[in-house]
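Peer 1: Listed below, chain by chain, are the residues.
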Amino acid sequence: MSTGEFVIESITILGTAAFALSAVLAALDKKVDIFTVIVLGIITAVGGGTIRDCILDAPVFWSIDISYITIACAASVFGFSFFPLMQLKSINKVYLYIDTLAIAMFAVQGTYKAWSMGFGLPVAPVILGTITAVGGGIVRDVLLQRPSLLLTKELYAIPVALGCLTYSLVLSFAPQYSQIGALLSAGLIVYIRHLSIQKQMVVPRWAIINHGK
Amino acid sequence: MSTGEFVIESITILGTAAFALSAVLAALDKKVDIFTVIVLGIITAVGGGTIRDCILDAPVFWSIDISYITIACAASVFGFSFFPLMQLKSINKVYLYIDTLAIAMFAVQGTYKAWSMGFGLPVAPVILGTITAVGGGIVRDVLLQRPSLLLTKELYAIPVALGCLTYSLVLSFAPQYSQIGALLSAGLIVYIRHLSIQKQMVVPRWAIINHGK
Amino acid sequence: MSTGEFVIESITILGTAAFALSAVLAALDKKVDIFTVIVLGIITAVGGGTIRDCILDAPVFWSIDISYITIACAASVFGFSFFPLMQLKSINKVYLYIDTLAIAMFAVQGTYKAWSMGFGLPVAPVILGTITAVGGGIVRDVLLQRPSLLLTKELYAIPVALGCLTYSLVLSFAPQYSQIGALLSAGLIVYIRHLSIQKQMVVPRWAIINHGK
Chain A
1 MSTGEFVIES ITILGTAAFA LSAVLAALDK KVDIFTVIVL GIITAVGGGT IRDCILDAPV
61 FWSIDISYIT IACAASVFGF SFFPLMQLKS INKVYLYIDT LAIAMFAVQG TYKAWSMGFG
121 LPVAPVILGT ITAVGGGIVR DVLLQRPSLL LTKELYAIPV ALGCLTYSLV LSFAPQYSQI
181 GALLSAGLIV YIRHLSIQKQ MVVPRWAIIN HGK
Chain B
1 MSTGEFVIES ITILGTAAFA LSAVLAALDK KVDIFTVIVL GIITAVGGGT IRDCILDAPV
61 FWSIDISYIT IACAASVFGF SFFPLMQLKS INKVYLYIDT LAIAMFAVQG TYKAWSMGFG
121 LPVAPVILGT ITAVGGGIVR DVLLQRPSLL LTKELYAIPV ALGCLTYSLV LSFAPQYSQI
181 GALLSAGLIV YIRHLSIQKQ MVVPRWAIIN HGK
Chain C
1 MSTGEFVIES ITILGTAAFA LSAVLAALDK KVDIFTVIVL GIITAVGGGT IRDCILDAPV
61 FWSIDISYIT IACAASVFGF SFFPLMQLKS INKVYLYIDT LAIAMFAVQG TYKAWSMGFG
121 LPVAPVILGT ITAVGGGIVR DVLLQRPSLL LTKELYAIPV ALGCLTYSLV LSFAPQYSQI
181 GALLSAGLIV YIRHLSIQKQ MVVPRWAIIN HGK
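Chains as they are written, first to last, in UniProt numbering: chain A, 1 to 213; chain B, 1 to 213; chain C, 1 to 213.
Be a bit skeptical, because a hint or two may be false.
Pairs count within a copy or across copies, as identical chains cannot be separated in the list.
As the list claims (entries may be wrong) - In silico EDC-like links for lysine to aspartate or glutamate, alpha-carbon gap of 20 Å or less: (1) K113 <-> E5; (2) K93 <-> D65; (3) K113 <-> E154; (4) K89 <-> E154; (5) K113 <-> D65; (6) K113 <-> D57.
Hint data in this document are derived by calculation from the structure and do not stem from the laboratory.
Build the full structure now, drawing on both the sequences and the hints.
Peer 2: Here is the structure:
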C-alpha cells in the first residue's frame, strides 16, 4: 500500500466514523435509544453514497465492502457510550476537522465516480458529489425532525458544491490534471469549512432570500 | 421540428422553470440562501422524474439531457433575484397556469414511460405518472419542513392521479388512441386545476377523513 | 398450493392490508382526504420493499405482481370508510397482531432476498430486511410530519432488526437450517412485539441516550 492509498484509507475510515458520530450529536436532545443511534449513524455515514449509487445505477458501494457499515456501527456505539467526551470543546474541534476532511474526500470521490461513468457531464457530477457528501446528513435530519443543513446559515453544503464544481470542471476540461484537481478541490472545501469553524464565517446577507424583510 | 414537437419542447422548458420557481416561493419565509434555493429548485424540477427512473430502473433522464438541470438552475437564480415580481397577483396567476401545464405534461409523460416499459400494467403507470408530476414538490416540502401538498385540501395531486389513471386505461385497453388519450388526460388535469385556481374548488367534505369531528 | 404456501400467501395479503390500514390510523388527526389516505396506504405497504429493491438493483416487486398495490388500495378505502371500527379496543388488538405477523414475515423475506443475491453478506441483509419491514412506515410518518417509529420508545424496529440479524446469521453460517431459521427469526420478532403490545414492554432506560439528564 502506497502512502497515498494509506492516507485515503485512513480518511475513509475516520470520515465514516465522523459521519456516524455526527448522528450521535444530532440525536442527543431527542432521547432516542441506542438502536436508533446506530440506524442514524449508518444512514449518515452511507446514505449519501447510497442515493448516489441508486441514481448512477451502480452497485451500492457498501454491498461490495461492508466495512463502511461495521465502522459506522462501531462509531455509533462508541459515540452512544462516550458522548459527553464529544461535547468537550477541544475534542469537538478535532471532530469537526475530521468531519471536514471526510466531506472533502467523499465529495471528490462522488464527483469522480459520476464523471468516470460519463454521467451527465459536466453538470451532473457536481450534483452527485454533493449528494455523496451531504445526502446522508440531510436524511438523518429529516428523520430526526430537525432543520437540515439546507436551512441553516452555516457554510457546509456550499463549500462542498464549490469543491465538486471545481473538480468537475478540471475533469471535464483538463483531465490530465485530475490528481492535482482533486487535491485543489478538496483543499477548497477544507479551507472554507476552516473559515466557518474558526472564524464563524456564515453565508453573506445578500445571498439570503428576502433579506430586506 | 414539427409544431407538436415545438409545443412539447416549450412546455418542457417552461414547466421545468415553473417547478424550480415554485421552490423559490416555497422557500420565501424560511430565510434560506441562494444555494439552498438552487438545490430546492433542482429537486422540485427533476426530483419526481428521478424517483420514477430509479423505480423503473431506467437511466435517470437528466443524465442523458442535462438541460433540465441548467434550466432549473437558471430559473432558481432568476426567482431568487426577482421574487417580488412573482408575488404580483397577475404574474402569479400566469405562473400557476404554467405550473398546471407542466404537471399535466409530466404526468402524461411519466405514465407513458412506465407503460412503454411494460411496468406493472395497468396500475403501476398511474403511480409513476403521479410521482413524476408531484414527487419533486413533496421532497421539497419535506426538506423545508412544510406540510406537503398531500396534507392540504388543494386539488393538486388528485387531478394528476385522475389524469394518469385515464391515460393508463387508454394505453392499456385502447392503445390505438394513445395520442388523443394523452391530450384528453392532460386536459382533464388542466381543467380540474383551473377550477381549483379560478373557483377555489377544494376537496369535498365527505372525502376528508374523520370529517364528522 | 401447499399448506405452507397458503399460509405465506395469506399473511402477505393480510399483512399488506394491515400496513395500509396503519396509514389510515396515522392520518386520522391530520384531516387528510381519501386520496392522501390511499397514497399513504400504498407507501406504507410497499415503500419499504421498494427502497430495498432499488438498493438491491432488483426489479421492484410490485411491477411483477401488482396485487400488492390493489390490496393496499382496497384496504385504504376500507379503512377510510370504517376507521371507527379500528379504534375499538378488541379490533385494534387483532389489527396489531396482524401487523406483527406482517413485519415478521416481510423482515424475513427481505433478509432472504438480499442474502440470495449475495448482497454484502452477512451484514447488509440485516439492513435490507429491516428496511423492508419498517421503511414504508417511516416514509409515511415523514410525509405526515409525525415523529417516526425511530423516535419512540416502542419496541418495533428493534425486534425487526434482531430477527433479521438472527436470520442472516443462520443463512450465512448454517444455510441448511434456512427454513427453521426463518421460523425462529419471525417467531423472535412476534414474541418481542407481543411483549410490547401485551405487557407494554419498552426500551430499557440504560439504552436511551443521555438518560441521566
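Peer 1: Could you run down the list of hints and mark each one as holding or not?
Peer 2: Going down the list of hints, with the structure as the test:
Taking the closest pair of Cα atoms, K113 and E5 come within 20 Å of each other only inside a single copy of the chain (17 Å); across copies the shortest separation is 35 Å, beyond that limit. Taking the shortest Cα distances, K93 and D65 never come within 20 Å of each other, neither inside one copy (30 Å) nor across copies (43 Å). Within a single copy, K113 and E154 get their C-alpha atoms no closer than 27 Å, and across copies no closer than 40 Å, so neither meets the 20 Å cut-off. Taking the shortest Cα distances, K89 and E154 sit within 20 Å of each other inside one copy (18 Å), while across copies they are farther apart (34 Å).
In the homo-oligomer, the alpha carbons of K113 and D65 lie at most 20 Å apart both inside one protomer (16 Å) and across protomers (19 Å), since each shortest distance falls under that limit. For the homomeric pair K113 and D57, the shortest alpha-carbon distances inside one copy (12 Å) and between copies (18 Å) are both at most 20 Å.
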